[in-house]
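Student: The primary structure of each chain is shown beneath.
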Amino acid sequence: MKKAFLALAFGVCLALGAGEIASRIVLNSRRNEWIEKWITNRPVTEIDIYAPNHHICYKVAPNAPSMQYRGPHNSLGFRGPEPRAESKDWIRIVCMGGSTTYGTRNANESDCWPRKLETILRASNPNIEVINAGVPAYTSAESLQSLREEILPLNPDIVIFLAGFNDVMPRFMPDFCSDYSHYRKTWQRPALEKPEPVSGLALFSIFKKDLYNNPVHLPLRLLTGKDYHEMPEAEVVAFDSNSAATFRRNVRTFTDAAQGAGANVLLVTQSFLPELISVDFIQPRIRFFETGLREHSEAVRAVAKETNAPLADLESFITDRTAFDDIVHHTALGAELMAQAIAREIVANALLEPRAKPK
Amino acid sequence: MRPPRSFICILFAAILCVHQSAPVNRTKSFGDFANLSESGFQPHPYFVYELRPGAFFPWSPGSAARINAMGARGREWQREKDVSTRRVLCIGGSDTFGIGLAENLTFPSQLLLKLNIKEWDVANAGVPGYTSHETASVFSLKWLDYEPAVIVINDLDADVFAHLSERYRNDYSHLWKIWTEAATKDINNKILTLGERVLQNQPGDVQKKKDALAASNTRALETNLEFILNIAKGRDIRSIIILPHSELGADPVETRAIARIRDAARRIVKTKNVEFVDLEQIPNYVNMTAAERAESAAGRVSEYLLKLK
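Residue numbers (the working numbering), protein chains in the order written: chain A, 165 to 523; chain B, 28 to 336.
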């Protein structure tokens, strides 16, 4: 009996030892198909969707993978179906802006306001295509760059531009630069790193899903934003020194460029409900966001007047709390209300009438 | 026997004059900017790179470029200006910036010399190596704030660098790589050049250039040029485009590429009805020194500006 017990104990120790050695070999192996498979089959995180860009800082990668509330993405890196081949019989509408347009709180692409707009407009004219070119966290600077590099080459008939929220953050970051280079930085997608040599029992680590120190969990803001250590007093000074002038300049530039290229431009002010603040980063800075959003809405109105661009003034349009998921993002109900309001402006301003496109 | 002092002075002055007016290569080297020290530049999230404020480029004794606090070459100038002063903004690449030229011999400086300094202000916003993508970006996101009355768009031929590089893409992402590190030296302690920081592709031999040219197009250039002109028009800013000289190509392929850019620019000049200066209309332009070319182009531009009310 004693001998059997000792033999069993010896066998168990031997097995554990062998397993430990084998686990360490596996973990430290450079080529291990099993681990590589974990890398490729690991759950998609938000950063997998974005790619660095020379002129726009970042964009959604072409055919980027989908995850909940993100995607599907087409070959242009836009959320939604592939754009149609250009045709003079079809009206192409491109919706630009940040996460409100992209629909970061809409699980299905069909719940985003651009898609709902398409459904509404197609009731009277089936030959209308709406492209959702919104990208989460885009400021007016990224939208302007995207307009030039990606959108104008699509020869849009109508460009709808909704902006305001994301431009608040550059205003309270210190050392303001009007090209937002104080706010954004160049970046590269972080590489997955193989784990450090394991201390302790490797045998049990081998089965863990979080085997790797996975830097791709970093949020987009930390990857594309300049290193920033929170300085509340400096933020107050910065915000009080920086007006909405740069935002207004970018919206005006956007409108001039799009109209000059022959597109009709419809400007949209950002609808928001401050009482729905929930994000930790925003909550202590509520004054900046409330004031900034109102100033940016004023700027959009001013540009619409200067350029004779139609305006969908949605700042205080939606007051139903069930239409919002947070301060600026909408539920499917909110997206529907937005789409209806924008569709009304499109029809009221005869933007769907045929126009001669510039050569 | 020692030569007289006056002879030495005359000899020194003659050497200096010869050096300043020494003809650059007849053909423009598109990669000139790539050899510049990376320490004179810094990465930018929208322009690939930009001039580093306070940087200094010493070309030779008596000839250097200093970068002001705004990241532009030349004297410090303020955003605010006299209401009565009309500002001319010169945007473009290496020729506008004036690689190798003393400050007073650059195109913007020579333009200012030909204008009434009490009525006009000329700013050098050229950056070595900038293609039409970067020029359009920096104009719309930075220099618009400086309220130019006139913009002069130069160095359209800089896009040839992209047109002659393999795997052409309209956003020029085949040409540029993203500069993310701050260190100025590589792991071997060698000081990096700008090209090593930002270029991932360059034109190859003649056959590769031919293949690359066949695979590229001028759509991006046209979109970028129209973008600038439309913004300018929206703000009542007058625009002058300088059409490049196609014979400045280093070989027949480059010449063809520049000619294609000229044609594209001329189409836009016609449809947008903007003023232009055609470098091919300047007699003997190809055989001039860099300073002489700058002066000739400045002369043509100033003729137009002086007619403006």
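No lab work stands behind these hints: they were computed from the structure. Hints are supplied without guarantee of correctness; some may be wrong.
[As the list claims (entries may be wrong)] Lysine-lysine pairs mimicking DSS-like chemistry, simulated, CA-CA at most 30 Å apart:
| # | chain 1 | residue 1 | chain 2 | residue 2 |
| --- | --- | --- | --- | --- |
| 1 | A | Lys349 | B | Lys204 |
| 2 | B | Lys297 | B | Lys141 |
| 3 | B | Lys141 | A | Lys349 |
Student: Against the 30 Å threshold, does the CA-CA distance of Lys349(A) and Lys204(B) hold or violate the hint?
Tutor: Given pair Lys349(A), Lys204(B) holds - Cα atoms ~14 Å apart, limit 30 Å.
Student: Need the status of pair Lys141(B), Lys349(A): alpha-carbon distance at most 30 Å?
Tutor: Distance ~40 Å between Lys141(B) and Lys349(A) Cα, so the pair is violated.
Student: Check the hint pairing Lys297(B) with Lys141(B) against an upper bound of 30 Å on the C-alpha distance.
Tutor: Holds: Lys297(B) and Lys141(B) sit about 27 Å apart, inside 30 Å.
This entry does not satisfy hint 3, going by the numbered hints stated previously; all others are met.
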